[in-house]
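Trainee: Spelled out from the first residue to the last, the chains are:
Number of protein chains: 2
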Amino acid sequence: MTKESIAESFQSLQDRICQSLERVDGKSKFQEDLWTRPDGGGGRTRMIGGEGVIEKGGVNFSEVHGAVTDLMKKNTEIEGDSFFATGVSIVIHPHSPHIPIIHMNVRYFELDNGRYWFGGGIDLTPHYIVPSQAQKFHTGLKSVCDKYNSEFYTKFKLWADDYFFLAHRNETRGVGGIFFDHLKEDEHNSKEKLLSYCIELGDTLSELYGSQVKFGAKEHITKRHVDWRNIRRGRYVEFNLVSDRGTKFGLVSGGRTESILMSLPPVANWEYCKEIEPNSQEELTLNNLKKGVDWLQK
Amino acid sequence: MTKESIAESFQSLQDRICQSLERVDGKSKFQEDLWTRPDGGGGRTRMIGGEGVIEKGGVNFSEVHGAVTDLMKKNTEIEGDSFFATGVSIVIHPHSPHIPIIHMNVRYFELDNGRYWFGGGIDLTPHYIVPSQAQKFHTGLKSVCDKYNSEFYTKFKLWADDYFFLAHRNETRGVGGIFFDHLKEDEHNSKEKLLSYCIELGDTLSELYGSQVKFGAKEHITKRHVDWRNIRRGRYVEFNLVSDRGTKFGLVSGGRTESILMSLPPVANWEYCKEIEPNSQEELTLNNLKKGVDWLQK
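Protein chains in written order, with the working numbering: chain A, 6 to 303; chain B, 6 to 303.
Think of the hints as simulated: they come from the structure by calculation, not from any bench. Mixed in with the good hints, there may be bad ones.
Same chains, same label: a pair holds when it works inside one copy or across any pair of copies.
Derived pair list, reagent style DSBU-like, types lysine-lysine, alpha-carbon separation capped at 35 Å [to be verified]:
hint : residue 1 : residue 2
1    : K32       : K189
2    : K219      : K79
3    : K295      : K219
4    : K279      : K8
5    : K141      : K78
6    : K34       : K253
7    : K152      : K198
8    : K196      : K279
9    : K228      : K152
10   : K189      : K223
11   : K34       : K78
12   : K32       : K160
13   : K198      : K228
14   : K78       : K223
15   : K78       : K279
16   : K295      : K8
17   : K253      : K219
18   : K219      : K78
19   : K253      : K296
20   : K196      : K228
21   : K189      : K228
22   : K32       : K79
23   : K78       : K228
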């Protein structure tokens with residue numbers, strides 16, 4: 006299996022995800038920008054947003070390669086002289102405060118010394134946490150993971166708790182999901198199987214999100230809900246710009262800034278020491294932004 | 006001159022700045038929060054914002070000390086076993102898109118090995134650049150610098166160009182100002198003189214800002230102006246969370262998150278590949294977000 010064929014699989018995945026997300030949105034179509042990276046490679050950025058479910062959403066495919074620069078060595082864990090990286094990244098910001106933000110990324114790295122690995126993650130960031138919906142999401146992820154390795158879900162769920170965490174806020178980004186990196190073939194899975202694990206996760210995304218959208222879209226929206234959504238979007242910005250390794254890798258590896266930062270919401274608010282009403286839905290959400298919650302049991 | 010007396014001078018500076026900024030605002034008063042740092046020290050955070058000129062503004066004083074942690078060693082240039090740091094930080098986000106954002110910071114560091122230094126910076130971020138106003142700002146900074154060392158302005162203006170720069174956007178944050186760090190006594194200035202340089206910069210801030218406010222407040226505001234202000238505020242968020250060393254030091258040294266992130270605007274927008282009308286005021290501004298502009302000659 007060549008790196009080119011992996012990139013092709015990821016491109017097809019992007020196509021399928023865009024088609025399903027257009028159905029989930031109900032009104033808008035993706036607009037595509039093709040771009041090339043001056044130092045090697047390029048990508049297809051697809052953006053959606055309008056009067057449907059999605060206010061701003063992006064599905065990126067990229068395949069970049071070239072020399073490992075000093076800046077990359079300093080800011081990432083990449084070693085060697087040259088690298089190849091391909092992947093699909095998604096972030097969807099819906100209009101409704103009752104529909105969660107969703108993020109997914111699957112990626113493949115290969116270095117000139119022959120080392121390779123897969124990485125990825127899917128996580129859900131509800132503006133208002135509904136435990137039964139978080140359970141549905143985690144159950145869906147677990148069923149994909151279980152097909153490949155019975156330890157994947159438990160291990161990658163813990164990893165997501167640690168990764169999707171804002172240390173300076175002492176808050177998880179949302180209800181988590183799974184995160185994995187440096188995944189290589191072993192006695193359980195060949196390289197081909199690992200690729201199909203990534204692809205299957207990607208294909209599951211729109212299905213899982215469709216169910217979240219269906220649930221949240223029924224809820225009535227008030228100004229208070231929208232204000233809270235914008236505060237939570239501010240936290241999303243903080244995570245992506247302060248903590249996210251993917252964003253950092255993209256920015257220091259000379260990636261296309263507009264494609265990398267498509268993950269930022271259309272609008273975000275910051276309010277100094279925002280007061281939270283006791284026993285409110287907002288407080289319930291904050292109380293659930295913790296590591297180690299077993300969402301399967303909620 | 007003890008570190009305690011330097012902290013006292015900074016506290017008095019905070020008092021004077023808040024009084025002047027209340028006059029500039031015209032309507033609101035600062036609200037104060039006192040806080041203590043679990044590992045040593047604390048601060049006074051003062052916030053302002055309402056129906057006057059300022060939508061959201063903060064003036065922080067802090068004096069923190071304690072052990073140099075591994076996290077701090079990894080993320081900052083601090084060496085030694087224990088540190089002392091005191092300073093005043095200001096960020097003002099005005100309502101009007103025609104009034105610039107202003108930032109100032111003056112600070113003093115001391116390590117247990119006896120090493121000390123002053124640092125600081127003032128920079129102006131107009132949503133719409135008006136060259137004559139940028140000139141006024143830089144001329145004011147130069148006249149303070151020239152009292153202490155004839156090389157300060159030229160040196161620190163260049164440093165600001167490099168520091169207040171968003172590499173991933175290839176844009177300066179605004180029209181710059183001055184930035185300096187690791188400033189120690191020499192044949193030109195004693196330690197006392199360096200402190201009074203920092204204090205005098207601080208006292209100049211409200212005066213310089215008052216003049217910017219007076220000019221911008223006359224301008225008519227349209228929805229287009231507000232939309233553009235919010236995009237520029239998004240860039241301000243990017244700078245503070247991706248590039249700013251002060252923010253990074255604060256977050257990793259266990260500073261108070263709400264005080265550190267008071268610098269973030271009340272609202273910010275991100276639009277994928279925003280189109281800029283040729284020859285518009287927006288384009289003029291973007292064309293001026295470059296290093297090396299000699300604003301004194303504009």
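Trainee: For each hint, tell me whether it holds in the structure or not.
Mentor: Okay, the hints, checked on the actual structure:
no. : hint        : verdict
1   : K32 / K189  : neither (40 Å within a copy, 62 Å between copies)
2   : K219 / K79  : neither (44 Å within a copy, 45 Å between copies)
3   : K295 / K219 : within (26 Å within a copy, 47 Å between copies)
4   : K279 / K8   : between (48 Å within a copy, 34 Å between copies)
5   : K141 / K78  : neither (39 Å within a copy, 42 Å between copies)
6   : K34 / K253  : within (29 Å within a copy, 39 Å between copies)
7   : K152 / K198 : within (10 Å within a copy, 70 Å between copies)
8   : K196 / K279 : neither (48 Å within a copy, 41 Å between copies)
9   : K228 / K152 : neither (43 Å within a copy, 53 Å between copies)
10  : K189 / K223 : neither (42 Å within a copy, 63 Å between copies)
11  : K34 / K78   : neither (39 Å within a copy, 48 Å between copies)
12  : K32 / K160  : neither (38 Å within a copy, 55 Å between copies)
13  : K198 / K228 : neither (47 Å within a copy, 53 Å between copies)
14  : K78 / K223  : neither (48 Å within a copy, 50 Å between copies)
15  : K78 / K279  : between (39 Å within a copy, 32 Å between copies)
16  : K295 / K8   : neither (38 Å within a copy, 40 Å between copies)
17  : K253 / K219 : within (33 Å within a copy, 40 Å between copies)
18  : K219 / K78  : neither (44 Å within a copy, 48 Å between copies)
19  : K253 / K296 : both (23 Å within a copy, 23 Å between copies)
20  : K196 / K228 : neither (49 Å within a copy, 54 Å between copies)
21  : K189 / K228 : neither (48 Å within a copy, 53 Å between copies)
22  : K32 / K79   : neither (44 Å within a copy, 48 Å between copies)
23  : K78 / K228  : neither (46 Å within a copy, 44 Å between copies)
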